[in-house]
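There are 2 protein chains.
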Amino acid sequence: MSLTVVGSIAYDGVKTPAGERERMLGGAATHFALAASFFDEVRVVGPVGDDFDEASWATLRTRGVNTDDVEHVAGGKTFFWKGVYSSNLNSRETLETDLNVFEHFDPKLSAGAQACDVLFLANIQPDLQYGVLQQCRSARFTALDSMDLWINIARESLERTIKAVDCLILNDEELEMLTGAPTTLAAANEILGWGLKAVVAKQGKYGAQLYTADGTFALPAYPLAAVADPTGAGDTFAGGFVGSIAAAGGEVTHDVLVRAMAYGTALASFNVEEFGTERVERLTGPEIDERIADLERMTALSGDAVALRG
Amino acid sequence: MSLTVVGSIAYDGVKTPAGERERMLGGAATHFALAASFFDEVRVVGPVGDDFDEASWATLRTRGVNTDDVEHVAGGKTFFWKGVYSSNLNSRETLETDLNVFEHFDPKLSAGAQACDVLFLANIQPDLQYGVLQQCRSARFTALDSMDLWINIARESLERTIKAVDCLILNDEELEMLTGAPTTLAAANEILGWGLKAVVAKQGKYGAQLYTADGTFALPAYPLAAVADPTGAGDTFAGGFVGSIAAAGGEVTHDVLVRAMAYGTALASFNVEEFGTERVERLTGPEIDERIADLERMTALSGDAVALRG
Numbered sequence: 001m002s003l004t005v006v007g008s009i010a011y012d013g014v015k016t017p018a019g020e021r022e023r024m025l026g027g028a029a030t031h032f033a034l035a036a037s038f039f040d041e042v043r044v045v046g047p048v049g050d051d052f053d054e055a056s057w058a059t060l061r062t063r064g065v066n067t068d069d070v071e072h073v074a075g076g077k078t079f080f081w082k083g084v085y086s087s088n089l090n091s092r093e094t095l096e097t098d099l100n101v102f103e104h105f106d107p108k109l110s111a112g113a114q115a116c117d118v119l120f121l122a123n124i125q126p127d128l129q130y131g132v133l134q135q136c137r138s139a140r141f142t143a144l145d146s147m148d149l150w151i152n153i154a155r156e157s158l159e160r161t162i163k164a165v166d167c168l169i170l171n172d173e174e175l176e177m178l179t180g181a182p183t184t185l186a187a188a189n190e191i192l193g194w195g196l197k198a199v200v201a202k203q204g205k206y207g208a209q210l211y212t213a214d215g216t217f218a219l220p221a222y223p224l225a226a227v228a229d230p231t232g233a234g235d236t237f238a239g240g241f242v243g244s245i246a247a248a249g250g251e252v253t254h255d256v257l258v259r260a261m262a263y264g265t266a267l268a269s270f271n272v273e274e275f276g277t278e279r280v281e282r283l284t285g286p287e288i289d290e291r292i293a294d295l296e297r298m299t300a301l302s303g304d305a306v307a308l309r310g
Numbered sequence: 001m002s003l004t005v006v007g008s009i010a011y012d013g014v015k016t017p018a019g020e021r022e023r024m025l026g027g028a029a030t031h032f033a034l035a036a037s038f039f040d041e042v043r044v045v046g047p048v049g050d051d052f053d054e055a056s057w058a059t060l061r062t063r064g065v066n067t068d069d070v071e072h073v074a075g076g077k078t079f080f081w082k083g084v085y086s087s088n089l090n091s092r093e094t095l096e097t098d099l100n101v102f103e104h105f106d107p108k109l110s111a112g113a114q115a116c117d118v119l120f121l122a123n124i125q126p127d128l129q130y131g132v133l134q135q136c137r138s139a140r141f142t143a144l145d146s147m148d149l150w151i152n153i154a155r156e157s158l159e160r161t162i163k164a165v166d167c168l169i170l171n172d173e174e175l176e177m178l179t180g181a182p183t184t185l186a187a188a189n190e191i192l193g194w195g196l197k198a199v200v201a202k203q204g205k206y207g208a209q210l211y212t213a214d215g216t217f218a219l220p221a222y223p224l225a226a227v228a229d230p231t232g233a234g235d236t237f238a239g240g241f242v243g244s245i246a247a248a249g250g251e252v253t254h255d256v257l258v259r260a261m262a263y264g265t266a267l268a269s270f271n272v273e274e275f276g277t278e279r280v281e282r283l284t285g286p287e288i289d290e291r292i293a294d295l296e297r298m299t300a301l302s303g304d305a306v307a308l309r310g
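Protein sequence lines correspond, in order, to chains A and B.
Residues in the first sequence are numbered consecutively from 1, following full-length UniProt numbering.
Residues in the second sequence are numbered consecutively from 1, following full-length UniProt numbering.
Keep in mind that the hints were calculated from the coordinates and are not lab data.
Don't be surprised by glycine CBs; every beta carbon is placed ideally from N, CA and C.
Accuracy of the hints is not assured; some may be wrong.
[Claimed, not checked] Per the computed footprint, the stretches of chain A lying under chain B, defined by three or more beta-carbons under 8 Å from a beta-carbon of chain B, are:
| hint | segment |
| --- | --- |
| 1 | 32-44 |
| 2 | 185-191 |
| 3 | 201-208 |
| 4 | 268-274 |
Full structure from sequences and hints, please.
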């Protein structure tokens, strides 16, 4: 069994109120893979350039991540993104986006990557995502991330791709934008009507919600006393979420998806504690289990009902 | 046993994507009282003017709310607020604020209102809130709402008042503004250090979090397919939260507060389904119980743990 992720591998320059990094390993596929590596054998598909150094290869291979499908584009440079976060981390401004080798990325998966049990399509152009789906026809569960850009400039392609996966993972406001529905629940219900098994609404620092034919599940983010760097939190969430679905095996029931929400939430909470991949690189399984237990405690509706008048 | 609330009684003019009301009964004390009336005998303290009509008196007295302490200021006009919400309801613009009789409100409580078991201080000038606290020295639980305005122009007064209550209920970003702490958890922990038993962070459409010496509890908002009017949601939350604490009696433990979060969340979710007090006026106890059961289902962390690699 294995889990394939297709997406960006990048260097990020990030400034937050907690500090700054000029250039550190990032990218959606990187963050996803490091989180998902706790759950299953992960294969990363994405391009890098000549500047991709040994330390980055080593980090990408954390917990046995398979990089056979990472394409080194000779003469090219690795995707670079630079941004600065607002004082409360609620928003960020992009200062620089150099697509570099990512600009002409057209994923061709090896036989091993194509034979995946579970597939995650990180945010790339939706026709490319669709092409990957065609290469992985035996996957038993497929999930997709996207962004407002593709809703605005490639809506038809995006809708075709969404209709071809089992699960859409998107920010709550992007779900509303995609459907024109007035609330996240209404948006998710409309998308479930397209034939998906599950929709996940990411709510940033507030948490995430899961919608399936069997109901809704809502999980707040893990409360933290300090956040160093939110970059990659969504992809780390996806890594925990999709990774644990891969590990659970068998039918992807509502309960499997609910438990996956907890893994995604726990992993994302570690990711933001430090810059880039720093925290998740050295994270351990027992730390994850402990945070899941914390989440169970802090969401348990204890206390007794009271009698109501009227 | 009884519950006293001190705050505004108002007429609101509201426009949202779902519709418009030129003039409807509103105000923090009104919304609080209608929610809290499910749990305990509620006494409302606040001023109204000559224009306060019979229908409004009747609504205010829903489920036996006691209006003996509602002061009719002869020759005056009732507080009026008018606002318009953005298309996704995430923000609102105030078009008109006529304080009217509320401008010179200086609450003097009757013996009955002073003898309350539980006291809620809705958002008014913090020195006035402090004065009310001095009049209710036998209350076994006191809670306070406020707003960014008082943080900006009356910080010392506000801090003195906060330090004199058991529980602060505030928007998450206001908690961070009040303390300068970088996250809501850090802000709440700092305020708990001032000697409070509990801090509640309201997160708007995302839910609310509770912080006590015994830990953190987080509850998402109840997902809705449509929202008509968010006006009064925070005060309705407070009515369910504080009301159920009054009804529980005895020591206000972490578990009592956790259950109170569920009542607050359930009541607030009904409030926003229609304009103003329309939905909560005709709400029934069984409907509340059903929504609480829904909340339990949609927050229960079901599913099995998976084995982690590493």
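Those earlier numbered hints the structure runs against, lowest number first: 4
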